[in-house]
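Undergrad: If you want the building blocks of each chain, they are given just below.
There are 2 protein chains.
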Amino acid sequence: MSDTATLLTRRAQLLGPNMTTFYDDPVHIVRGEGTWLWDADGNRFLDCYNNVPHVGHAHPKVVQAITDQAATLNTHTRYLHEGILDYGERLTATMGNDLDTMIMVCTGSEANDIALRMGRAVTGKTGIICTDNTYHGNTDLVSHLSAKKTPIGGAVDWVRKVPSPDAIEPLGGSHEAQAQAFADEIQTAINALEADGHGFGTLILCPFFANEGFPDLPKGFLDPTVDVVRRAGGIIIADEVQPGFGRTGRNFWGHERIGLVPDIVTMGKPMGNGHPVAAVVTRPEIMAEFRNRFGYFNTFGGNPVSAAAAMAVLDVLEEEQLVENARDTGDYALGLLGQLDHPMIADVRGAGLFLGVEFARDGNTEAAADFCAKLVDDMRHRGVLLHSVGRHYHGIKIRPPMCFDCAQADFLVETLDDALKALPV
Amino acid sequence: MSDTATLLTRRAQLLGPNMTTFYDDPVHIVRGEGTWLWDADGNRFLDCYNNVPHVGHAHPKVVQAITDQAATLNTHTRYLHEGILDYGERLTATMGNDLDTMIMVCTGSEANDIALRMGRAVTGKTGIICTDNTYHGNTDLVSHLSAKKTPIGGAVDWVRKVPSPDAIEPLGGSHEAQAQAFADEIQTAINALEADGHGFGTLILCPFFANEGFPDLPKGFLDPTVDVVRRAGGIIIADEVQPGFGRTGRNFWGHERIGLVPDIVTMGKPMGNGHPVAAVVTRPEIMAEFRNRFGYFNTFGGNPVSAAAAMAVLDVLEEEQLVENARDTGDYALGLLGQLDHPMIADVRGAGLFLGVEFARDGNTEAAADFCAKLVDDMRHRGVLLHSVGRHYHGIKIRPPMCFDCAQADFLVETLDDALKALPV
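Protein sequence lines correspond, in order, to chains A and B. Each number in my numbering comes from the position in the first sequence (counting from 1) with 2 added on. Each number in my numbering comes from the position in the second sequence (counting from 1) with 2 added on.
Rather than coming from a laboratory, the hints here were simulated on the basis of the structure. This one's a predicted model, so the numbers in the text were calculated from it and none came from an experiment. Each hint should be verified, as a subset may be incorrect.
When chains are identical, the list treats them as one kind, so a pair holds in a single copy or across two.
EDC-like, lysine to aspartate or glutamate: derived pairs with alpha carbons at most 20 Å apart [said to hold, decoys possible]:
no.	residue 1	residue 2
1	LYS150	GLU291
2	LYS423	ASP379
3	LYS221	GLU178
4	LYS376	ASP26
5	LYS151	GLU291
6	LYS376	ASP343
7	LYS127	ASP159
8	LYS376	ASP349
9	LYS150	ASP168
Given only the sequences and the hints, what does the whole structure look like? Please build it.
TA: What follows is the structure, given as structure tokens:
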């Protein structure tokens with residue numbers, strides 16, 4: 003058997019069915035550095051997809067921080083340690099709006115599981131609203147918000163899903179009308195939750211609507227939504243797992259970019275450059291309400307090594323000016339993508355180093371998921387790692403480590419151009 | 003302000019209220035090595051409590067494994083990698099009974115959250131039974147099993163809590179009668195869940211009953227319980243977060259020790275020596291049922307660094323014969339503890355390096371939690387870190403890193419003897 007076949011067999015036996023791999027020919031990655039990955043045969047891939055290695059694969063400063071702290075001490079927060087405090091104070095200083103208390107956990111799922119319970123604790127209501135094409139994690143509670151994975155036990159009626167902005171056309175091209183239509187959908191869901199006796203407690207959304215295909219939305223788009231939620235006495239969670247930590251180039255947080263002031267912010271994936279660390283940040287009164295009602299303690303949460311890894315990520319972001327790089331390289335790449343000439347390109351959009359190209363047939367009316375899947379596979383064989391995104395998986399998601407540079411953007415777009423020319427439409 | 007006061011103030015501001023620290027005078031730990039910890043003033047403490055640094059604080063082999071892998075590659079399981087496979091095959095080889103499929107996650111809470119959903123997926127029933135003095139984690143779902151922390155939203159009636167064995171006296175000294183009484187309690191809970199329309203799906207327990215004060219129970223104690231659960235078509239989860247990985251000295255798993263064959267095994271804390279890693283192990287048909295119904299994916303779960311950390315723990319356990327050490331040093335320490343002479347010592351018990359001394363007044367009838375708390379604080383000032391355990395927190399829990407040696411056992415028991423002589427009864 004080939005190496006790949008052997009590994010797939012071992013995976014199926016050990017991990018069970020439905021353990022999806024990327025690509026028709028799964029990649030056996032053995033090494034990473036910066037924006038590059040190498041497979042077991044020595045083939046090199048430009049990583050245009052992975053946001054977890056935020057400051058670059060195997061970044062030496064993050065590795066050193068983890069090593070130094072692991073060699074010194076790793077223990078829990080029943081003892082005093084500066085690590086969690088130094089990190090949390092620096093993290094929350096990026097936010098303002100009284101968002102200055104924090105719980106550190108290990109995964110974005112754990113963060114959202116807590117955030118939703120904070121919403122319940124503060125409002126006393128169980129009703130949750132999310133979009134109809136989202137993903138916020140995989141605990142039992144959070145899995146009820148997923149659009150594409152039916153939770154064990156089936157759907158619950160205290161979660162209501164509203165059409166996300168990508169599914170609401172700007173009426174007459176007006177973002178104001180689209181923003182109001184989105185808020186109206188939320189009002190309708192609030193009314194339904196109240197009528198069914200659950201009450202409305204919490205709206206959770208990714209402020210970049212990343213899984214929804216990150217439609218272009220102007221600053222202030224969520225203002226009518228905020229009004230509706232505030233009038234109903236609800237809480238807003240901004241899930242920053244994808245747009246956070248400068249990914250979109252001009253703002254450190256996705257909620258700043260869209261002009262939203264959330265009550266609770268959750269974060270995960272990029273926070274420790276791959277080390278399992280995540281967090282919930284909120285205002286002191288929400289934290290107090292939650293913590294006084296439930297004495298949350300997480301053994302691994304905020305341990306000195308996790309704090310050191312997360313701190314090193316903030317250091318590298320600053321030292322290497324990676325948010326600025328996301329802005330400049332992102333603008334450059336977006337410009338190049340906009341010059342691609344192909345009949346099925348329906349849209350090119352994004353912000354910073356979170357970009358996408360959408361494909362459709364028949365004059366932009368039929369989402370071309372099959373074409374997009376073939377393109378992603380073809381690009382893998384050309385040495386560029388991408389993946390699909392959006393309601394119909396008809397867009398490619400370009401979301402490389404933040405050290406992605408203009409030469410790499412050139413290589414990506416040239417390769418994409420070659421692939422598009424070679425693929426039957 | 004003193005260093006401690008400053009840190010406590012910063013904690014309160016950043017982390018919110020109800021962030022408990024151990025001891026009247028919280029310890030500011032800055033360094034660890036083996037079984038020793040040092041505070042910021044250079045004071046050394048013998049760590050007789052922490053099970054997370056399983057093979058010893060800052061073990062160089064684990065640190066090296068983490069460093070080497072983090073410097074090479076850290077990514078997720080949508081790509082192929084040997085790390086998770088090599089580890090999972092080795093881990094499941096310790097179990098037998100067809101327990102040979104695995105999901106890797108980041109915390110014991112995540113593991114139990116999945117395990118409970120596996121029980122639901124397989125049985126189609128929502129009812130869960132646990133003991134009335136347990137703790138299995140802190141996600142929304144798992145928090146409903148906690149005896150001492152009321153979940154947000156209050157208790158749910160699809161969780162039933164049975165008196166744990168420590169609360170059931172061996173009738174006429176007979177463990178058989180006690181075992182049957184425990185099984186009878188579970189049968190009563192099953193009947194109630196069925197009557198209330200939830201149905202009975204899953205029994206979850208720590209096979210060492212660690213949070214219940216680890217009462218001395220013979221092998222086979224759970225046989226009547228297993229009969230009752232099997233007759234009702236239920237699933238049994240063994241939560242090995244505390245007794246697993248050889249902690250009890252004569253068995254690698256707590257369920258082996260008590261002679262239980264569980265359907266699902268969960269593990270966490272000691273698995274990566276402090277690195278956030280945890281796992282669920284089960285039989286292939288249960289895994290398939292769960293994974294086919296819910297396409298679980300955990301970004302950090304089973305990443306190469308976590309797998310390397312966990313693998314290094316298994317390596318060190320073998321190379322340093324730490325399970326054998328837990329048996330021998332544990333026996334030695336238990337013998338010494340048994341020789342302590344104090345009117346309030348009600349019981350001395352445990353297995354391997356999981357030992358306890360219970361305190362009571364009035365001829366063993368009144369649990370002496372206050373005395374125990376004072377003793378724990380006093381020992382901290384004498385340089386030995388312990389904590390309390392049990393239904394009334396009237397026992398001290400002795401659960402040091404697995405490299406604890408006989409000289410350290412001597413120091414522990416001598417110090418305990420001094421403290422007991424000095425403390426007013």
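Undergrad: Kindly indicate which numbered hints from before are broken by the structure, ordering the numbers from low to high.
TA: Violated hints: none at all, because every hint is consistent with the structure.
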